[in-house]
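K.L.:
Residue strings, one per chain:
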Amino acid sequence: MADILPSVERRLDLLTGVLERAQRYATGLVVFVIYRAESARASFENTLVNRLQTLHQRVRRVWYQPDSPPASHDLLGQLLKSPPADDEVIFVYGLHHAFPGLLNALNYRRELISDHRWRLVFWALDDEVTRVMRDAPDFWAFVNQVLEVPEVPPPAEHAQLAGALAWAGFGDSEIRNLAPAERQARIALRERLLDELPEGEDTLSTRADLHYTLAGLYWADRQFAKAEAHAQAALALAEQMNDAELRARMMNMLGLIYADLPTGDRGANLARAIACYEEALRYYTPEAAPLDYAGTQNNLGNAYRNLPTGDRGANLARAIACYEEALRYDTPEAAPLDYARTQNNLGNAYRNLPTGDRGANLARAIACYEEALRYYTPEAAPLAYAMTQNNLGLAYADLPTGDRGANLARAIACYEEALRYYTPEAAPLEYARTQNNLGNAYLQLPTGDRGANLARAIACYEEALRYYTPEAAPLEYATLQNNLGNAYLQLPTGDRGANLARAIACYEEALRYDTPEAAPLAYAMTQNNLGLAYADLPTGDRGANLARAIACYEEALRYYTPEAAPLEYARTQNNLGNAYLQLPTGDRGANLARAIACYEEALRYYTPEAAPLEYATLQNNLGNAYRNLPTGDRGANLARAIACYEEALRYYTPEAAPLDYAMTQNNLGNAYADLPTGDRGANLARAIACYEEALRYYTPEAAPLAYAMTQNNLGLAYADLPTGDRGANLARAIACYEESLRFRTPEAAPLDYARTQYNLGTAYYELGQLEQAADAYRRAVETVADQGSYQMALGSVLRKLGRDDEAAIHLARARELLPPDDHYDRACLEAIAGNTDAALAHLEKALAWDATSRDWAARDPDLESLRDHPRFKALIARNASC
Amino acid sequence: MESKPDYLFVRATTLEEAWSRFDPAQPLPVGSPFYVEREDNPLGRLQRALLLARGNPPKYFFTGHRGSGKSTELNRLVADAAIQKRYWPVKFSVRDECDFNDLTHIEVLLAMGAQIFKQYHEAGGQMKDDLLRELETWKGRTLTRLTEKGATFESGSGVDIGKFFLSALLKVKTEHVTRELMRQEIAPRVSELIGLINLMSAEILAQSKRQVLVVIEDMDKPPLEVSRKLFEGALTTLLQPVCAIVYTVPVAIYFDPAFVQIRDTSYFLPNIKLHEKRQRMQLHKSGIRAMRAFVLARMADTLIAGDALDEAVRNSGGVFREIAHILQRAIDNALARKAAQIELQDVAWATAQIRSGFRRLLTQEDYRWLLEVRRNNDVLHPEHLGPLFHVLAILEYANGETWCDVHPALDPLLDEIAGQMTPVEA
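Chains A and B, in that order, are what the protein sequence lines are.
Heads up: take any position in the first sequence, counting from 1, add 13, and you land on the numbering used here.
Numbering follows the numbering used here, with no gaps: position 46 of the second sequence is 29.
The set of hints was computed from the structure by calculation and includes no laboratory data.
All figures in this text were calculated on a predicted structure; none of them were measured in a lab.
Wrong hints could be hidden among the right ones.
Unchecked claim - Below, in silico cross-link-like pairs of lysine-lysine (DSS-like), each with a Cα-Cα straight-line distance of 30 Å or less:
| no. | chain 1 | residue 1 | chain 2 | residue 2 |
| --- | --- | --- | --- | --- |
| 1 | B | K74 | B | K192 |
| 2 | B | K101 | A | K94 |
| 3 | A | K94 | B | K74 |
| 4 | B | K111 | B | K68 |
Said to hold, decoys possible - Selected chain B positions facing chain A (in silico; Cβ < 7 Å):
| no. | residue |
| --- | --- |
| 5 | S3 |
| 6 | R49 |
| 7 | D315 |
| 8 | L318 |
| 9 | A319 |
| 10 | Q336 |
| 11 | G340 |
| 12 | R343 |
Glycine included, every Cβ here is placed at the ideal spot set by N, Cα and C.
Excised from the complex, chain A in its bound form (with noise of 0.2 Å):
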């Protein structure tokens, strides 16, 4: 003991004073502060702290604890590297965790602190302080000053101490946003005040009161075994004093032990806690205790709506129940933080509430999150305030009623309101996590230009991605891989096979993470989105990325089954239907028949009711296979598809989805116009009628390749009309055909282009004007050579013009080109070469295969030297007749 020892207050007054000094002298400054019990000491230091705060001073604490590591025991490089402001005092504690590194850096590099002008409260043991000055004495030459605060409180009054000292700083929100150093920092003086109590009956209370906030403390910094084992001690200890509050206060918190467990089963995790809520109940009722009671039916809540198990529907129900208890007596008035974060988990269970109405259940929970708005201020709770902000903005982002452009524009609001206070240094998770959440509405955002839309995605998932790694949260990191895949698979702008390459570089990433054992469902999603990438891949071989398509559709399909997932197993088999269809490779009436399946598997979910569009968009798809089905019945495959196309259209409404709308009129006019039966003339007219409707929606602003495609598709129509004036049907065919070429350029869509031309070369040839038929075919040819029948349309037309050599050099090489199946073109070429049995062989299988060819047939220029030959007539006669 010191040979004179002021009071603690005398004391106290001396070590303000001489920081204070230091500080208006500018000078360095070391004061050991040695002591013999940690509750003497804390509260010798809550006293010091409270009067530098009024003195407008701040503390800075470093802790040495056994693990840290040994570059931090360089204390003085530590502050040279993080310098400290001119009102911090350091506070050093633990010493001896950090010897000799500590001793070291103090001795040699002593001058730092006074040219530095630092000021440093070594907080120090007997021992530790033998050591200072025996091993680092030319640092103790300049310690300006050492008190002692050597009390040990008498029992009573230690344990007095010590349990006030245990409720110090702790509450629930509080302790959950503390800094860690400063959690730790918690935890390690209330494991001392521990250690020093003496076991007893006069300390019982105090040791209950500890091991309860430590297990809180330990929750909080998720050290779950440690937390479970200081709740069971208080557990035991109150039950040792039959203190039936503090029992049911220790049951409150294994619950929440329980339900943060990260390892286990969690639905047994749950249950347990469950079980641990409904325990405390017992005791905590809405007379005895009405805060405990609705804070505790808020926990029970929240176990409810976590639940993996039993039915989702009943458990979300049951959470509902809690919460609407809770904020009986979670009242504004009462308890405003915890009204708000009642208020907040209820609109969390509406949210996911899968039963009901949606559009109500999400307007329920936007009605929550803004009451829980009122009270989770950016001052009161800055991190509360962004959490509510960010599930507000999920809950616009899903809302299926109202304005989708605006809900989304909201959501987006509410995201980027977040990220003011989720930023990567108070909550880097959170920040990552909303930055997703702000991605993915960007994504999904219907207004504005797409290409920027997706551009600020990407750049909001590469962002969150910086630190969502896979070490920290590998699901999360293979969900931003994913949604990070989509947005490239969706950009417009940009090379469209780069893109699609970074897209399916994503979903790669992804499926490392998301595996069938850790996130099956995750894992579906992620290869039904690699098969779509695939299926659109415009560079590489067709077949091979088709063929990749499928295979990631079918192990999409292992898990997305339809009991647990209908709708993504519909959308699957959707997407499979559409890798058939395309699928070049293979017998092609095969693969149109199990594309006719996977849709109408599809359809047994997508009802009208259920998702009015996607089933609209199945019946569109399964119209196109029924339209190419190369097998059966023509007419019979062309009415069904006319049909299907119909189907959709009652859903596809020029306000639902305008595009689509016009997608499905102009796929039902390529119906009619390829419809075998009925009148000719009828059909073509209907398919007139759909193009032109088509036309409406279709702009050269809102589509322009599709209205190109539609315009051909239109001069089709005409050029092949039965009806009305031949010339000026021809006529109309040209403009539509120019009108395509507008759009329909080489270097946009260079296999359109040539088709076009070839199209409008016919249409010259039929009236006559060779030169300007020569001219498309040949501009069709120079844009695909090695297409047979626009070789051979301009070796044809070259040949009327008395150009045999050149015409010569582009029917031969018609020959080596034209499919042996295209039998009409073969037809023609036999014609032209006066092979007169081999064109009328190859015209009745073409003729059998589509007989509308009939028409075109009888004034085919092309067919001109068999006109009249009598199996020729008969041919045609024959067709006329079916």
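Fit chain B to the given chain A structure using the hints.
P.N.:
Same frame as chain A, now just chain B:
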């Protein structure tokens, strides 16, 4: 580092002001009004030795106990007009250049070369091109060999030799690998490095007509075993540069019989003697005066009661830093009492703190040796007393012969223990 503002060197008229005048961490700048001349100052002898030296440039060693005022005295030495007229001083601390835990003569010589070049250059000096070329050549050869072995340095044209030296020193200080490479590279060619130091010294002598005087501080601070190894294994090398050098050395080495060569050319800064050997009651007036002057230069005499000042001086043991500690702590206590003047109780409080510190450190065995030293004031068993010197439990004095006494703050403690203990066997 910024120097302290001038107002802090004005005599304090209030206790609040006085607190800042007794900072134990800061040596005094040259010309400070707080400087107190001491009787028989060995720096005077060192200065005369330097001024009288002829022939080979002299090499001296300077030492003293912690808190005796070594840094202050060395500051005054290099600022002395006569020294400046004869010598071109280059003063630096190895603390800034080297890692104390791992110090060899290589780092000391590198630091010497760097500082000679740097300080001459900063003072406006310009070395001739042929010397610069030779330095560059050495630099280039060394760089090449070092980079071949994996070290990296800032290099290329335009990077002068000074920067290379400093870059090398920084890496040597902070990077263990580079340090080892540097040692392996330079150690067999240390004469080249010494040669460069000599060339620069010769150039400065030729241009300024003054010999280079290198003063290296803080070579007494590394762990004792590091210092022993340095001065034992490399003393000859350290004495080779053709310039005047003053090395600081640890006190333990000064007293170690194995280092007689150092002792013979050493200057020891003793503590201020306050009484005669074995005669505590016979006060040494000039020592007392010096300690009083130390205090009263810094603050008005009205700020401290007479008996308090006497007690502070007595308990300082003649060590400047100790009296600074006592006064600053006493001021803290007085201000906490809201007093306008330091009183005896404040000094007692400060002294009690010092005593508490010793109480933690000292063992029963230590007390036996302290009682012995208090009785006979002799350094009879230096092998036992070393640690006690190290922590200032024993203070050393000189008046023709060297003698010692215990720190006065320990007296009450020793009085308490004296009756309980048997004397130690000699």
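K.L.:
Please go over all the hints and tell whether each is borne out by the structure.
P.N.:
Structure-based check of each hint:
1. K74/B to K192/B: holds (19 Å)
2. K101/B to K94/A: Roughly 27 Å separates the two Cα atoms, so the pair holds.
3. K94/A to K74/B: Cα-Cα ~28 Å, so holds.
4. K111/B to K68/B: Roughly 23 Å between the alpha carbons, so the hint for K111/B and K68/B holds.
5. S3: holds (4 Å)
6. R49: holds (5 Å)
7. D315: Where the cut-off is 7 Å and the nearest Cβ of chain A is about 5 Å from D315/B, the hint holds.
8. L318: holds (5 Å)
9. A319: holds (4 Å)
10. Q336: holds (5 Å)
11. G340: holds (6 Å)
12. R343: holds (4 Å)
Hint compliance for this structure: every hint is met.
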